[in-house]
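Line by line, the protein sequences are chains A and B.
Read in order, the letters of the first sequence are residues 1 to 667 in the numbering used here.
Read in order, the letters of the second sequence are residues 1 to 351 in the numbering used here.
Some hints here could point you the wrong way.
As the list claims (entries may be wrong) - The calculated lysine-lysine pairs, modelled on DSS-like cross-linking and capped at a C-alpha distance of 27 Å, are: (1) K282/A <-> K343/A; (2) K253/A <-> K461/A; (3) K354/A <-> K282/A; (4) K528/A <-> K16/B; (5) K186/A <-> K216/A; (6) K628/A <-> K302/B; (7) K378/A <-> K290/A; (8) K91/A <-> K6/B; (9) K6/B <-> K512/A; (10) K6/B <-> K528/A; (11) K302/B <-> K154/A; (12) K154/A <-> K16/B.
For the record, the hints were derived by calculation from the structure and aren't laboratory data.
Here are the chains, one letter per residue:
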Amino acid sequence: MDTKYLFKRHNTYWVKVAVPKDLRKELGFDLRTSLHTHELSEAQKLREAVVEDFKSQIFAAKENLRQSNGKNPVKTFMPVTDTSDPQYYHKVVDCQYACPAHTPVPEYIRKISQNEYTEAYMINWESNVFPGILGRTCDRPCEPACRRTRTHEKPVAICRLKRVAADFKDDVSDLLPKAPKKCNGKKIALIGGGPASLTVARDLIVMGYECTLFEKDPQAGGLMRTNIPSFRLPEEVLDAEVDQILNMGLKTKFNSEITSLKDFLKEDFDAVFIGTGAPKGKDLNIEGRKDAEANIHIGIDFLTSIAFEHIDSIGKKVIVLGGGNTAMDCCRSSLRLGAEDVKVVVRSPFSQMKASEWEIEDAMEENIPILENHVPKKFIHESGRLTGMEFQKVEAVFDEKGNRSLVPTDEKPVILECDDVLVAIGQDNSFEWIERDIGLEFGEWDMPVVDPVTFQSTHPKVFFGGDAAWGPENIIWAAAHGHQAAISIHKFCQNEDINERPSPGTNLLSQKMGLHEWSYDNDISQAKRFLVPKADQDTALKSLKIEVEKGFDADLAMEEAQRCLNCDVQTVFSESLCIECDACVDICPTDCINFMFNAPENEVRQNTRIPALNIEQDLLVSKILPTKRTMFKDEDVCLHCGLCAERCPTGAWDMQTFLYEEAKVYS
Amino acid sequence: MTYIVKPVNHHPNLEKNALGLTRRDYEGTISTLCAGCGHDSISAAVIEACYDLSLASDQIAKLSGIGCSSKSPSYFLNQAHGFNSVHGRMPSVATGANLGNQDLMYLGVSGDGDTAGIGIGQFMHAARRQLNITYIVENNGTYGLTKGQFSATNDQGSKSKYGEENVLAPIDLAAMAIQLGAGFVGRSFSGDKDQLVPLLKAAMKFKGFSLIDIISPCVTFNNHVGSTKSYDYIREHNESVSSLDFVPIEQEIKTSYNKGSKVEVPLHDGAILTLEKLSKKYNPLDKGLAVQSLNEAEKNGKVLTGLLYINPEVKDHAEILNISDTPLNEFSDKELCPGSDKLAKVNASLN
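This is chain A alone, in the form it adopts within the complex (with noise of 0.2 Å):
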């Protein structure tokens, strides 16, 4: 007789299965059910299912155990920060970290404050070569990151104290640093005369490298002086700093166009620099471009042309192609030629368009209207004349994962009449002068490979920065570039292994003068941010040369400086000071600071007083305190009102300077 897993109750047949030891405490002894049955021939033909059933039940409970002991192990706490890390507090200051040559921002607009123009303009200068030029023209990295963006909207007016700093400047001639006497031997060579060569040319003649520069214009200067109009950047601020460097004892060649790589390093150079930029501008070609090739202008070329003066004159009605920055001063520039009819039109919708916002800004001030969502089909021409434009309507669609494409609509083509029409659609790299064949390697999109640490090509001798690098950038990367290009050809000029990347600079210093006393402004201005006085407009428009923003006048940039919070003063925490008071925690007026348990980074940023959210923003984790608790700190919407250090009986916090110097080759 049959009965496995059968016993028998009140007469009926029951199913029985033992559970496991280790799964007792989830499933019980055993699991047992009613067969129903007073027949064992009943109960053993039912029985089957019934087991089955049980033993999966038991399967997966087994399962469930073994994955739960292995998804368990530790909680992988907090480590505590590590702040000798010269990035950890490099972060805090979001102004500084955010911009490519590392700026000491806010040491500057604290100098600016202090009416230091002189020594505002060269902490500038040391990083960024450009203060005056940068600070008419950047693209400002710096804004979007300034932590007033997270704690009151609009960020500090950077660069336009950046300007201040150069506007109200003394003479610099002494304070910036001479070539030495004797030169060391190496010759470079550098090819094309915008920011990047200029920075390395900075930066090695300081170190007694020959270094000459080829040019293809007349002048030095690159796209900042034959993409950037007048009425933005005067060509006396971008003489006198470009003549800085010049001056310095750059040997220049101008007029002189390389047109072989090849041919150009049989000559006698220790290491070539490539600054080349990406100076040719995209063609649009649909139907009817050649015909009407007399009015239609690559936009580059026509800012260079006015540039160096070889045009004074434009149709009454200008359409511009394209929604970037040279758009922007390609319609301004036909404006002051006497343009009167002046359009934008771009294929994205508005808010899509890659130009600055503010240059936009100033573009429609101008009352220069923008169409969007307006793709181009044709040039019409009458015998060989630009008459019009016709573009087809189109409207902006994603897709599930957020790719856009421009879907045409029902309108009927619009049509635009038109004397010229300046093409601003993009810049490409032209490298048809390098041939291929001389180990220089070229990688997608027909770019050459270049590391992006040291900036050395696949040819040991030729190192790139800014545009000719990566492709169309802003002046302050062609600055940071040339920087570390720099360092990277001093480096194999002097046989040095070129990936040892110097470190930075790095100074914390107590604002601890005495008690409640501290040595900088801790006061959080709460004034919005201020606009930038404007030129007339009618005057303005009138000439090419006449600069539309005034800049700050003393007052302002005084008020203006004053919004900045002082990210670089940073709050240091002294964990075997700290009597867990709570002091802190009380006084902190954005609730930044937060005394519990160590756990899993994503708990603890749950758990703080107010959660944590923006991963972007780290957390200062201290060591284990006396509780057994850690302080964390989110570093997110801290004002650095010094209000911790302020109301910590101990000292255990404290407010300090952090200076971060990027390296420097001659550093």
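Put chain B on the given structure of chain A with help from the hints.
Frame of chain A; chain B shown alone:
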């Protein structure tokens, strides 16, 4: 003393309570007490409690006497009413105010000098009379304003900053209040907001005399080795009798407790206090046991904290004395001065 103005800016994600106010809206002026003073933590706990309970500041009166503790009402609830009275006489002012208007929530803030020293008589009678007030003693065991003499709550054998030992036995305000019939008596530590904030919330909602004796280290004069009111000493000797969860009427109890250790105490307005007993022996509803435990703890050098005693049955002074529910300022002249006919009737009834 702090000279920096506290910025008005707050965290962009700072939450709002039922009144649409943030915690920052319950703040006062910036504290001028010494950095690290326990009193500032207590102010922060009061702010937290009032914010959590969504109390309207204009329905609160802050009353205090003299001393560091009595300065502290300036540092919270800027919009509340306030009266800074003569030294030790806060209970009298509170009594008067209470008689005039029962609708306000009275928050008495006093110190060990103001309460256990000069004002002890006033304190005792306020407790005895069941005055409807939340009476906070910010107890640091020292006269900080006069440079660190022992106060009446300073423990025997505790050392002053200058080295001498206290030869007198201390007054235990909590034990005294229990014996005098106070309906709600707690003790806490300024450095433990997890305990203090729920305790404050419960006390604020309690109808009758509620005392919270809060040990609040004086960083300047009583936070040294040898002191029994220092941060380190209290942390080492703190023995919590219960963990408190205050549940307002509109909320459900969410915290789960181990069976058998939970005591639920309904308050007058229907809110529920849930206590998790941390010691099996302790029962906060047992008056005799509470006093006995306090005595034992003192002998063993322990500081008993938490809700020490609660009597939800207690009647407050208004109920005992049958005082009008309507605040006096809401009566009209006619009601306040009903005329000679009424007077004659009253007089006649006295014959």
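Does K186/A pair with K216/A here, judged by a C-alpha cut-off of 27 Å? Holds, because 24 Å separates the two Cα atoms, which is no more than 27 Å.
Tell me if the straight-line CA distance from K253/A to K461/A falls inside 27 Å. This hinted pair holds, its Cα atoms lying about 20 Å apart.
For the pair supplied as a hint, K354/A and K282/A, is the alpha-carbon distance within the 27 Å limit? 15 Å, holds
Is K378/A within 27 Å of K290/A, Cα to Cα? Satisfied, since the Cα-Cα distance of roughly 11 Å is no more than 27 Å.
Run the distance test for K6/B versus K528/A: straight-line Cα separation, threshold 27 Å. 19 Å, holds
For the pair supplied as a hint, K154/A and K16/B, confirm whether the alpha-carbon distance does not exceed 27 Å. Distance of about 24 Å is within 27 Å: holds.
Holds or violated: K528/A to K16/B, with C-alpha atoms at most 27 Å apart: 25 Å, holds
Restraint check for K282/A with K343/A, where alpha carbons must lie at most 27 Å apart: 19 Å, holds
Agreement of K91/A and K6/B with the hint, judged by alpha carbon distance not exceeding 27 Å: 25 Å, holds
Hey, K302/B versus K154/A, does the alpha-carbon distance stay inside 27 Å? 54 Å, violated
Quick one, are K628/A and K302/B close enough, alpha carbons at most 27 Å? 21 Å, holds
So if I understand the rule, the pair passes when the alpha-carbon distance is 27 Å or less; does K6/B with K512/A pass? 18 Å, holds
Going down the numbered hints, you'll see the structure goes against just number 11.
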